[in-house]
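So the chains spell out like this:
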Amino acid sequence: MIKEFSVNTNERNELVDITSKVEELVKDVKEGVVTVFCPHTTAAITINEGADPDVKKDILWKLSKLVPKDEGYEHSEGNSDSHIKSSLIGCSESVIVKDGKLVLGTWQSIYFAEFDGPRNRRVIIKY
Amino acid sequence: MIKEFSVNTNERNELVDITSKVEELVKDVKEGVVTVFCPHTTAAITINEGADPDVKKDILWKLSKLVPKDEGYEHSEGNSDSHIKSSLIGCSESVIVKDGKLVLGTWQSIYFAEFDGPRNRRVIIKY
Amino acid sequence: MIKEFSVNTNERNELVDITSKVEELVKDVKEGVVTVFCPHTTAAITINEGADPDVKKDILWKLSKLVPKDEGYEHSEGNSDSHIKSSLIGCSESVIVKDGKLVLGTWQSIYFAEFDGPRNRRVIIKY
Chain A
1 MIKEFSVNTN
11 ERNELVDITS
21 KVEELVKDVK
31 EGVVTVFCPH
41 TTAAITINEG
51 ADPDVKKDIL
61 WKLSKLVPKD
71 EGYEHSEGNS
81 DSHIKSSLIG
91 CSESVIVKDG
101 KLVLGTWQSI
111 YFAEFDGPRN
121 RRVIIKY
Chain B
1001 MIKEFSVNTN
1011 ERNELVDITS
1021 KVEELVKDVK
1031 EGVVTVFCPH
1041 TTAAITINEG
1051 ADPDVKKDIL
1061 WKLSKLVPKD
1071 EGYEHSEGNS
1081 DSHIKSSLIG
1091 CSESVIVKDG
1101 KLVLGTWQSI
1111 YFAEFDGPRN
1121 RRVIIKY
Chain C
2001 MIKEFSVNTN
2011 ERNELVDITS
2021 KVEELVKDVK
2031 EGVVTVFCPH
2041 TTAAITINEG
2051 ADPDVKKDIL
2061 WKLSKLVPKD
2071 EGYEHSEGNS
2081 DSHIKSSLIG
2091 CSESVIVKDG
2101 KLVLGTWQSI
2111 YFAEFDGPRN
2121 RRVIIKY
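Protein chains in written order, with our numbering: chain A, 1 to 127; chain B, 1001 to 1127; chain C, 2001 to 2127.
Mixed in with the good hints there might be a few duds.
To be verified - What follows is a set of in silico ranges between Cβ atoms, one per label pair, in the way DEER data are often shown: (1) N1120/B x P53/A: 39 to 49 Å; (2) K1030/B x S2006/C: 24 to 34 Å; (3) N120/A x K1101/B: 15 to 25 Å.
Said to hold, decoys possible - Taking lysine-lysine and the PhoX-like style, the derived pairs with C-alpha atoms no more than 20 Å apart in a straight line are: (4) K2030/C x K1003/B; (5) K69/A x K1101/B; (6) K1065/B x K69/A; (7) K65/A x K1065/B; (8) K2003/C x K1065/B.
Just so you know, these hints were derived from the structure itself, not from any lab. Heads up, the beta-carbon is just placed ideally off N, CA and C, and yes, glycines get one too.
Input sequences plus hints: build the corresponding full structure.
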């Protein structure tokens, strides 16, 4: 099955927890793998800690330090940093599913990683 | 089905668009996921913008700025930067397929990312 | 099938070759894809050279240079660098399997990437 949902982002750089949205869509899967795919070139999908919001802040802060917004890029739209971050983080994750639940570690959440928001974005899943 | 094709690269660092090659190989797939795999340790697979060639340039330029060719590495072959970039970008992508078409966003292309060319490389796919 | 095994790490940053452990678990698979998943937020899975141990050293050294342990992060546990490295490298890899063997390139090994060890860790696979 291929399904999709939308994500509204509010910041230029933002990690939006989409774990429960993904889990809701795979609740009938007895055992499988769900591919979580971001169909955008200035955003990504990542899995990281969902408990302390400072982890999200630190990830975004450090990414922007490694890949600053302005650094003599050639792409004229002013969002080369967003494209670069997208390739560094990657636009898909594969998550195991068992009895309708995502097989994640205790502290793991699935994040939609926005690098050129705010925008209305899509996430496509396949299981 | 497992299939493969070759990619000839012309630069030490280069992003080669392999979208149409992958799509050609999955044209009989009604619905599924194709794993696009790079069996090399100094190259990778990434998905990013296919429209403006400056995006490719900026990605490669910034990666080489983050991970310079020479920086006191211990590996004697002089391509530690290539190995490091390979792990940062990742050697596979999972792409959803529907009715023989890759389910990609409007601006997305699949790239073979060469980090130690020019070489004759392989890409293996499984759907 | 979903299976798992444990990995004991001995250093704060370490790449542990898990190729043979994964291959042992998929030996009955005629053709498929195995998802290798790390259920931790301060570790990752990567594929890179298994021949020269200096490659592992260079990857870990450069990652720690890009993402130093202490750099004014906000997360209070002192391991923001580990979380950031985990998202940069990614917590899963998809590897093709044929006749019970992993379809890897000549020089490729699958690594459990520890970024906040030493710890006793888990790896979950699904094929």
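Here is what the structure says about each hint:
1. N1120/B x P53/A: 39 to 49 Å: Given about 48 Å between the Cβ atoms, the range holds.
2. K1030/B x S2006/C: 24 to 34 Å: Check failed, 39 Å falls outside 24 to 34 Å.
3. N120/A x K1101/B: 15 to 25 Å: Because 23 Å falls inside the window, the suggested range holds.
4. K2030/C x K1003/B: Distance ~15 Å between K2030/C and K1003/B Cα, so the pair holds.
5. K69/A x K1101/B: Violated: K69/A and K1101/B sit about 34 Å apart, past 20 Å.
6. K1065/B x K69/A: Given pair K1065/B, K69/A holds - Cα atoms ~15 Å apart, limit 20 Å.
7. K65/A x K1065/B: Holds. K65/A to K1065/B sits at ~13 Å (cutoff 20 Å).
8. K2003/C x K1065/B: Violated - the C-alpha atoms of K1065/B and K2003/C are around 40 Å apart, more than 20 Å.
In summary, the structure is inconsistent with hints 2, 5, 8 from the numbered list given earlier, while agreeing with the others.
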